[in-house]
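K.L.:
Sequence:
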Amino acid sequence: MANPTSRSRGAGSPARRTMTAAARAAAKRTKRPERGGHGTRTVAPGPAWSPAEETPKPAEEEHSGRTVLIEAPEGWDDPPEPSPGSAEAALEESRPVRRSWRRARAAALCLVLVAALVAVAVLGWQYREGRQADRARGQALTAARKAAPVVLSYDYRHLDRDFARARTHLTGDFRDEYRKTTRTVVAPAARKYHGVVKATVVAPASGGPPAASVVSSSPEKVIVLLFVNQVTKSTQVTGSRVDLNRVRMTLTRTSKGWKVSAVDAL
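Quick note on our numbering: the sequence shown kicks off at 1 and runs consecutively.
One thing to keep in mind: the hints can contain errors.
What the hints assert, rightly or not - Here are the simulated lysine-lysine pairs, BS3-like style, with alpha carbons at most 27 Å apart:
| # | residue 1 | residue 2 |
| --- | --- | --- |
| 1 | 256 | 180 |
| 2 | 233 | 146 |
| 3 | 221 | 146 |
| 4 | 221 | 233 |
| 5 | 198 | 146 |
| 6 | 180 | 198 |
| 7 | 221 | 256 |
| 8 | 180 | 233 |
| 9 | 221 | 180 |
| 10 | 233 | 192 |
| 11 | 233 | 256 |
| 12 | 192 | 221 |
| 13 | 146 | 256 |
Don't read these hints as lab results, they were simulated from the structure.
Treat the numbers as computed from the prediction; the structure is a model and nothing was measured.
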């Protein structure tokens, strides 16, 4: 016969006894005090302790400050958020500006090039004009020295020949005026008084070419100043008379060379 006491102590299934023992052990752990640096604390009954719950918080969370809210002033409107197409629209708007700037820069460059070409052309023209003027000065001066003795001289014994020869050095209206004057005034007086006039361009005492200088010059026209002596003989003059004249002679370029277009006695 079995012992009743033994049955009462061993009553229940093994699984039930195991659960009861586990519950008592958990209760003891919850009531056990934890010792810290400055005292003790009691962990309140609750679920089983987990190491994740005791993980210290980051320093950023411990020292984070308070958030201050600032109210916007009256009438303040938040700027609109840029739409996806606003960047493309701004780019499209900036393209005409860039094109106009490029066109303006190209136009300015063209103007600079044109100005440079004009400057080069002007300088080239001035250089050519200067060279031509220098050449004209020398040619006209030589022509004046040759023409003055012929145009200002005559002999009553062969007037037609002298006047015809003089006209080869003349041009334009002055040639016609010379023909008229010599025919109506000079020739009758020369024949009547047996007039003979011999003109020479004065040469320097020290020697050299006849005294003549250019007053002004251009490629087509040159004015020359000459010192001319005229020795006159006639029945009206005893012996011979010497006239010291200063003559301004204008010469013009023609297809046959430099010709006298005006003569003025000074």
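K.L.:
Please go over all the hints and tell whether each is borne out by the structure.
P.N.:
Hints, one by one, checked against the model:
no.	hint	result
1	256 - 180	23 Å, holds
2	233 - 146	22 Å, holds
3	221 - 146	17 Å, holds
4	221 - 233	35 Å, violated
5	198 - 146	14 Å, holds
6	180 - 198	21 Å, holds
7	221 - 256	14 Å, holds
8	180 - 233	23 Å, holds
9	221 - 180	24 Å, holds
10	233 - 192	13 Å, holds
11	233 - 256	34 Å, violated
12	192 - 221	38 Å, violated
13	146 - 256	15 Å, holds
This entry does not satisfy hints 4, 11 and 12, going by the numbered hints stated previously.
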